[in-house]
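*Asks:* Read top to bottom, the protein sequences are chains A and C.
Sequential numbering of the first sequence, starting at 0, is according to numbering that gives the first Met the number 0.
Sequential numbering of the second sequence, starting at 0, is according to numbering that gives the first Met the number 0.
Heads up, simulated DSS-like pairs for lysine-lysine below, C-alpha to C-alpha not over 27 Å straight-line:
1) C:LYS247 x C:LYS499
2) C:LYS323 x C:LYS394
3) C:LYS5 x A:LYS133
4) A:LYS4 x A:LYS57
5) C:LYS31 x A:LYS4
6) C:LYS31 x A:LYS6
7) C:LYS247 x C:LYS214
8) C:LYS343 x C:LYS516
9) A:LYS123 x C:LYS31
10) C:LYS434 x C:LYS477
11) C:LYS516 x C:LYS499
12) C:LYS245 x C:LYS214
13) C:LYS516 x C:LYS434
14) C:LYS434 x C:LYS344
15) C:LYS499 x C:LYS477
16) C:LYS245 x A:LYS123
17) A:LYS24 x A:LYS40
18) C:LYS31 x A:LYS133
19) A:LYS57 x C:LYS258
20) C:LYS27 x A:LYS133
21) A:LYS57 x C:LYS247
22) A:LYS123 x A:LYS24
23) C:LYS544 x C:LYS499
24) C:LYS258 x C:LYS245
25) A:LYS4 x A:LYS123
26) C:LYS190 x C:LYS331
27) C:LYS344 x C:LYS323
28) C:LYS331 x C:LYS135
29) A:LYS123 x C:LYS27
Think of the hints as simulated: they come from the structure by calculation, not from any bench.
Only a predicted model underlies this, so the values are computations on that prediction, with no experimental measurement involved.
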Amino acid sequence: MQIIKDKAIVEDHWIHYSGEGDLPKGDVIVSFDYWAENKDKLSGRRLGLRLEPDSLVKNIQSDLDDFALIAINFPSFNDGRGYSIAKILRDRYGYAGEIRAVGDVMRDQLFYMQRCGFNAYEIKAGRDIQDALKAFDDFSVKYQTSSDEPLPLYRRR
Amino acid sequence: MYIYDKNDQHIVEERAAQFRGQVERRLKGELKEEEFRPLRLQNGLYLQLQAYMLRVAVPYGLLSSRQFRMLAHIANKYDRSYGHMTTRQNIQFNWPKLEDVPNILDDLASVQMHAIQTSGNCIRNISADQYAGVAKDEIVDPRPYAEIMRQWSTFHPEFAYLPRKFKFAFTGAVQDRAAIKFHDIGYRAVKNEAGEIGFQIYVGGGMGRTPMIGKLVNDFVPEKDLLIYTEAIMRVYNQFGRRDNKYKARIKILVHELKLEEFTRRVEDEFTAICEEGAVPLDQAEIERVSAHFVDPNYENLSGESENLDHNLRDNKDFSLWYKYNVESHKKSGYAIVNLSLKKKGVPPGDITDVQMLLVADLADHYSFGEVRATHEQNLVLADVKKDDLFALWKAVRDLGFGEPNIGTLQDIICCPGLDFCTLANARSLPIADKIIRRFDDFDYLYDLGILKLKMSGCINACGHHHVGHIGILGVNKKDVEYYQITLGGSADDNASIGKIIGPGFDQDEIVPALEKILATYISLRLEGEEFLSTYNRVGMEPFKEQLYANH
Ligand code: SF4
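Make the full structure from the sequences, and use the hints.
*Replies:* Printed below as a string of structure tokens:
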């Protein structure tokens, strides 16, 4: 599958594992609950963790080193909790791995998402991924500080 | 007023370009309506009963004459030659075509205006005291802070998809004219004993179906922490505000359900955490840079007395009434604040034609340093008029149709668009407002009634602020018949209160007689010089109820 990562289109090999059936080989992304119950089984693997909008990011603060990737699910475009989750992971907990937006993700959110610390995006099916790539250039000026910009505009005017 | 630099200008231009792309994708079918919806809403574009409606932001209600002329141009070119001033100091156009909206945004950008975040579940346009900078009772001019906050909230990446819409209001005066306790966050700029500026922060006020009065979360947030503290509140709300039920999604419900103490604790914890991350405080240099745009205009040094004014007040009764009701005292001697009344029979409250906009712009240039203000009571203000000019201005304003001497009276109705335009409405509100204005058009009677705030909404969403009307009217729908419920005792000022429903509603023929009875009851019960709200607070609902439902 193709995804956007670090503002480029790349081939992606991560597997989303729903928790049903055998745990696939390779790099898997598992849910918080699955991870919490199967830590032993998973140890030593390259692992991705999938958070939902209501996941309490505090709960994984001390385990962040275990994850090469954290996927944050957007069940709907309108649910903005994932932005705060990413922001806290990056800026408060200093998480340096991949933060990936999954779910109802399309062009029009990407600008905000990259500002909050996301660096990878699974664009939802049926959308033009090339077109989505243009979103990063929607705005050249940013008023506020965020993960991508340590200084407010008033220190850069 | 604030003048954009190249950065600010870039942002509005890039937004217009971005929206042009989104409209093109929508028109080509690449975006479904349900996907386009949140995008257009972040840009103030609603789908109403018969057409799109575009809401243009008027930050804290301030407009230059040049901007007002552009609004006139837009009304003329893309709409039916009028606009509508809203209850949040914005202006709406009711009839634009979708394909024209990108051009309208370009036109707006050319005069440093936009429609950014005038709807949608994001931080909305910021409102403020309409007399900011000129009021006698002002301690701190809130406009620089409102502008700083406008910039901070514009395209804030984290807070664009909140559980629900989010409204800020600012005041820096003793008297609250901005209804700060009825906003998601209300900010009152104050000075501490050391003379430092800070903010009292009220959270969780609002109208809608569960009206609530905002609660004081912090008594003094130093100005340097204004943005950080706000970020903390927003992050707590974004994470914990309810998303399962649209009617429970506003921050007022979160504050209510968590209780003030727990909510405040979470905000304070979040604030501490942000500071520990190394948050950048609001620089004094930035406050000064923005404040430099809001310094006093070139006032002349005038005496408080005006010959011209005094003799016209003596000689002309109509003028003197207008002066009494529509003119407010100004901080600068020799100047006055003038309200233009957009309440008049036959015209929906807040409506203004393109021709009137042009004329108001001319008056602003001629008499008031080229600035106009919009009020949440749906009127306009010329804030810096020389007393010597008042008589000449009055004649011009009267010719324009904005000279009704009715500010603060029963005729000065706040009213939402209701069923004539709004998809959510239960009942029409504009025709009822017109009936009321026609019925109560005897000015001696109106003046005898004194200050009386009548506010009307076409449904429980309360865009017409009926909860805080001394008398509120709420449109409801019972078995396909429009009914009107009356509330008494609301107030949006410092002694904030929410009106209570008096009893069963009235249909469109009964509502005006019902109002007559309420007013007659007030007149019979009031003490010498007592205003409606005070009488109500003294005697309570019962006597009004008895009279109103006596024959039922
Ligand atoms: S109060 Fe109701 S009817 Fe009136 S504008 Fe708001 S949503 Fe529409």
